[in-house]
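*Asks:* Chains A and B, in that order, give the protein sequences.
Numbering follows the working numbering, with no gaps: position 138 of the first sequence is 138.
Numbering follows the working numbering, with no gaps: position 172 of the second sequence is 172.
Read the hints as simulated data drawn from the structure, not as lab findings.
Being a predicted model, the structure only gives us computed values, none of them experimental.
Be aware that a few hints might be false.
In this list, chains with the same sequence are indistinguishable; a pair is considered to hold if it fits within one copy or across any two.
[Said to hold, decoys possible] DMTMM-like cross-link-like pairs, simulated, lysine to aspartate or glutamate; straight-line CA separation at most 20 Å: (1) Lys-111 to Glu-138; (2) Lys-57 to Asp-172; (3) Lys-111 to Asp-37; (4) Lys-57 to Glu-12; (5) Lys-57 to Asp-179; (6) Lys-57 to Glu-33; (7) Lys-57 to Glu-83; (8) Lys-111 to Glu-125.
2 protein chains.
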Amino acid sequence: MTATTRARLSPEERRSQLLDLGVRLMATRSLDELSIDLLAEEAGISRGLLYHYFGSKQAFHEAVVRRAADDLIAQTAPPAEGEPLERLQVSVTAYVDYVLANFDGYVSLLKGAAGGNDALRAIYEEVRAVLSERIFLEDPNGQLIADTPHNRLVVRGWSAMTEEVVIAWGTDPAGVSRDELLAIIATALPALVASAG
Amino acid sequence: MTATTRARLSPEERRSQLLDLGVRLMATRSLDELSIDLLAEEAGISRGLLYHYFGSKQAFHEAVVRRAADDLIAQTAPPAEGEPLERLQVSVTAYVDYVLANFDGYVSLLKGAAGGNDALRAIYEEVRAVLSERIFLEDPNGQLIADTPHNRLVVRGWSAMTEEVVIAWGTDPAGVSRDELLAIIATALPALVASAG
Chain A
1 MTATTRARLS PEERRSQLLD LGVRLMATRS LDELSIDLLA EEAGISRGLL
51 YHYFGSKQAF HEAVVRRAAD DLIAQTAPPA EGEPLERLQV SVTAYVDYVL
101 ANFDGYVSLL KGAAGGNDAL RAIYEEVRAV LSERIFLEDP NGQLIADTPH
151 NRLVVRGWSA MTEEVVIAWG TDPAGVSRDE LLAIIATALP ALVASAG
Chain B
1 MTATTRARLS PEERRSQLLD LGVRLMATRS LDELSIDLLA EEAGISRGLL
51 YHYFGSKQAF HEAVVRRAAD DLIAQTAPPA EGEPLERLQV SVTAYVDYVL
101 ANFDGYVSLL KGAAGGNDAL RAIYEEVRAV LSERIFLEDP NGQLIADTPH
151 NRLVVRGWSA MTEEVVIAWG TDPAGVSRDE LLAIIATALP ALVASAG
């Protein structure tokens, strides 16, 4: 990027570009390691300008995590067509790929959300809610699972299971293949619903 | 308890008694709320004596959580006899009852362990390891699940699922009965193993 193209961007575009950079930097770093200094260095602009865009390190972190959450939601959108179970499999595969490609930042987000950072917790809960709602969505192709309190509890458990196995596998695959990992997750939901139903 | 009986206890017995009290107090409190002051008041002894027994608030918390973890491990021990699946059901029921009876402290432990407190994390991981090993234990009655890397990943996911649904249900049952909760958990493991196998 040259100074000329940079100058043409609106403040919103520039801020958005910086958030994308923040998300890329966070993929292989914890939030603690994602400093304003690092972003300034990578973006080639001053710390002062970054504080102008984001206000504080905490606000910068929240904005980056929110952008990452939006990316995750967009990338895991199920295809418009297909059987409910096939669409779930596509969505699960995209989720696993996203987490593995952004592993350190994702683990760091979970840690922050679980450990009592309310802003991170809120973003985390929102993502989980969006992903869960998709499962109960009724559309012309049918509904994967009936929307009952019982099934909502099952889906919640399945979400926690999914997160756990992806992170465990990303940390140490222990000889389990990616296809086996995907099969564990995608076959689990119908099996859980059937067994508990 | 009178001063006379108290005086007869050895320091180890007295410390153990204080830990039991700490575990009882933690059942309905977060770790943050479990102060040396509170323990002193409930035990009717001086703060100075408690520091003598435990050294620091952090060491006191670790000792209470370790005691609680030992209690959980003891109370969820599966019966010596019975089919593997029946024994699992007994153990799962005891786990659910333990978490519900010690809800605030358990949630607080998870939060501390997930949020980066290394001492709590170590105790949490140890409990999870003990509970998981039971599932792979071979005994004269047979083995519930073959001990493979694949099945270890499934059991890990099932553990996370179990924790999640118990805490979600303990926070808000949303009309789901305790029996339904137990059924979700106990039937999930064989279903997961069968579906992914």
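*Asks:* I'd like to know which numbered hints this structure contradicts. Please list them from smallest to largest.
*Replies:* Checked against the structure, the hints that fail are numbers 1, 2, 3, 5 and 7, while the rest are satisfied.
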